[in-house]
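Those protein sequences? They're chains Z and P, same order as listed. Counted from 1, the first sequence has number 436 at position 436 by UniProt numbering; the numbering is strictly sequential. Counted from 1, the second sequence has number 86 at position 86 by UniProt numbering; the numbering is strictly sequential.
A few of these clues could be false.
Pair ranges (Cβ atoms, derived) [what the hints assert, rightly or not]:
no. : chain 1 : residue 1 : chain 2 : residue 2 : range
1   : P       : R136      : Z       : P151      : 28 to 38 Å
2   : P       : T207      : Z       : K199      : 31 to 41 Å
3   : P       : P60       : Z       : A25       : 22 to 32 Å
4   : Z       : H314      : P       : R136      : 50 to 60 Å
Rather than coming from a laboratory, the hints here were simulated on the basis of the structure. Computed from a prediction, not measured in an experiment: that's the story for all the values here. Backbone N, C-alpha and C fix where the C-beta goes; we use that ideal spot for every residue, glycine too.
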Amino acid sequence: MKSKGRRGGIYRPLSQDQIETIHHAALTLLEKVGFTYESGLEDLLEMLEQAGAAVDRDRARVTFPRSLVETQIAKAPGRVILYGRSEDSHLDLQDHQVHLGTGGAAIKIVDPETGTARPSTLQDIYQLARLVDRLDNIHFYLRPCIPTDIPEAAYDVNVFYACFKGTRKHVMAGVNTEETLHDVLEMAAILAGGLDALKARPFLSIITSFAISPLKFCTQSTRIMREANRHHIPVALSCAPMAGSTSPITMAGTLAQIHAEQLAGITVCQLTQPGAPVLYGGIPGMANLRTMGYLGGAVECGMMNAAIHQMAAHVGVPNYNSAGLSDSKIPDAQAGWEKALTIVLAAMGGSNYVHHAAGMLESMLAVAYEQFVIDDEIIGMACRVLDGIPLDAERLALEVIESVGPGGNFMTSPHTLAHLHDEYYEGNGISDRKSRSKWEKEGASGTWGRARRMVERLLSEDESPYIPGSLDGQIRKRFDILL
Amino acid sequence: MSEWAPLQQALISGNEEELCRLVRQALDQGTSAKDILNQALTPAMDVVGERMENEDMFIPEVLMAAKAMSAAVEILKPFLTADELNAAGKVVIGTVKGDLHDIGKNLVAMMMESAGFEVKDLGVDVAPEAFVAAARDNGAQLVCLSALLTTTMPMMQETIAALEAEGLRHKVKVMVGGAPVTQDFAASIHADGYAPDAGSAAKLAKTLVQ
Ligand code: B12
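Full structure from sequences and hints, please.
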């Protein structure tokens, strides 16, 4: 059973009236309050001014008339296909079709050998890509951690290289400059067989955190975003305020501010390149009000991420958001419940591209190999919920009940055999469902230990040649590849 | 201690109006501004810092207390000498070049101010030269660098190098912090101090500057 692309939209925390109230509040915010900015965005300001926005350079404020926003939003495609490098790994983002995968830019990884956190490396990004390639319920690979062992200037090309080498699944990451965006596209074009082939079937996409909440353009990311637009490379318009610190403490206020930020971001992209493929990237989060740190595992994060999908669907743009964060430091029970709740809520909501859904720990600061295996199971279960309970004559099985008859059993019925593999989520092997005696004989280990063994087994498999030797040579000749 | 209890209670609970009333009352009764500051307000703010460090208090409540503190200090100002006012010392703080994260840095600045430092906040994306100039021009005893990105942590080292090049390094202490920064990293770039949160940052600052 494939878990990818199932239809959500069955958990709707906002009513239609509430959606419209938030939408209008956002338009009002853009019209009355607007966005601020810093230096380096003069070309953006000119473009916006020409399109009818008001730019007050003394106050560094851009305000957006409703009509401008509405016309530009209408130009954004309602469907974005994010390709993989195999036929089974494309993602068709539209409507309430749900996809979940990895995400983040963690700086630490829990070392499987020691069980303690250490700085993450380029090799980790590659090995995690290989692991994710083998976990069927993780639908895409967004680089989950940072290569702290290489020079900063070498980050972007090497991160994408390590991802491409490890998995055929769709790859997403951020880049640090417009120049390195060009480098990454050049490298991907080598794999695609040319830049046009890449643009036609982009198997990579870029995260651009264009907004510094509340309501401020980030110069660097906005420039990168617009450059990606010009190349028809899909972008996720990430903005991630924390309720109570960079957005109002209330959920409704946070949703309204995020929606305003997203409408502004989409407007900028569509003015830059009409029809540019974009993902509405609102990520409602919460501040830990005792430290002002990021709170990832709160149940309200799941609720708000379902709600933000409703807002994206309201303007007809596929969305990128977040679930599966945890504030726990290790793959423990807390990580389990926080992930399960937020993932199932975001999936039931119908979010199209849910990142952070596998591997993350410590409020976005760490990942763990074992956690990817555990989260693959959680995602599989969450996606199973989306199928609901199929009911037709065959599934209702009246004839089967009749033929087995009172007092019989169903174990050998052909009907049982026919549906042995298509009625229930089968699991990836991490959930323990054995008898106590068998479990004791196998070492009586908890989830973390079982996951560690599964990681060892999967990573000991042969490496897949996702970057063929000839192209590898070409890439290494052109770029300083450190893997 | 107990004579200050109502005043301290008003401060800790962030009741600005009540605090200001009590401060004025104390002044009217002939209590010296210096005593009010050093015996009542600063110790109470230390309690707030401790509670913050132990995560026993919500940050918005901490901020209310800090705001009340500032208002009270405003009232005392005319009766204090410059030395008494910023007895703790002068601090220059900022987020290093290339880094735009400021939530943590702002909390640190706020706690230092409440601890009696005169704080010059340079904002985010601050170049090494800007730190150098501000440290020199303000006669700072302490320079605080914040970084939230692994990619901007090296900028801390460059900032320290710039202070050295200008001959200022021996005149100032340097403290570093931010989520990816560790004690080991701080030691490796020869910073004088590291603290994992704003409450302990202010405490450490006091011991460094003494
Ligand atoms: C909020 C946030 C943002 C906001 C910042 C808003 C703002 N006004 O500051 C925005 C959206 C703008 C942002 C942008 C980016 N971010 Co960011 N961000 C965060 C997040 C979620 C929380 C940071 C925070 O505010 N924490 C709360 C405060 C209170 O904690 P703190 O900063 O650690 O401060 C405390 C202590 O560290 C200490 N302290 C802090 N400074 C100092 C200084 C001294 C001297 C001392 C003693 C102590 C001290 O005291 C503070 C209070 O207790 C972190 C994840 C995380 N969990 O930390 C990512 C995170 C830091 N960001 C990350 C990334 C990747 C980015 C971007 C590159 C994203 C992108 N793709 O564009 C950009 C970079 C922009 C730039 N050039 O700086 C990564 C970093 C990875 C890395 N390479 O290191 C993180 C870890 C998230 C992740 N895993 O993906 N981000």
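Hints, verified against the model:
Checked against the hint of 28 to 38 Å, the C-beta distance between R136(P) and P151(Z) comes to roughly 31 Å, which is consistent with it. For T207(P) and K199(Z), the Cβ-Cβ distance of about 59 Å falls outside the hinted range of 31 to 41 Å, so the restraint is violated. In this structure, P60(P) and A25(Z) meet the distance hint of 22 to 32 Å, their C-beta atoms being roughly 23 Å apart. Between H314(Z) and R136(P) the C-beta distance comes to about 54 Å, which sits within the given range of 50 to 60 Å.
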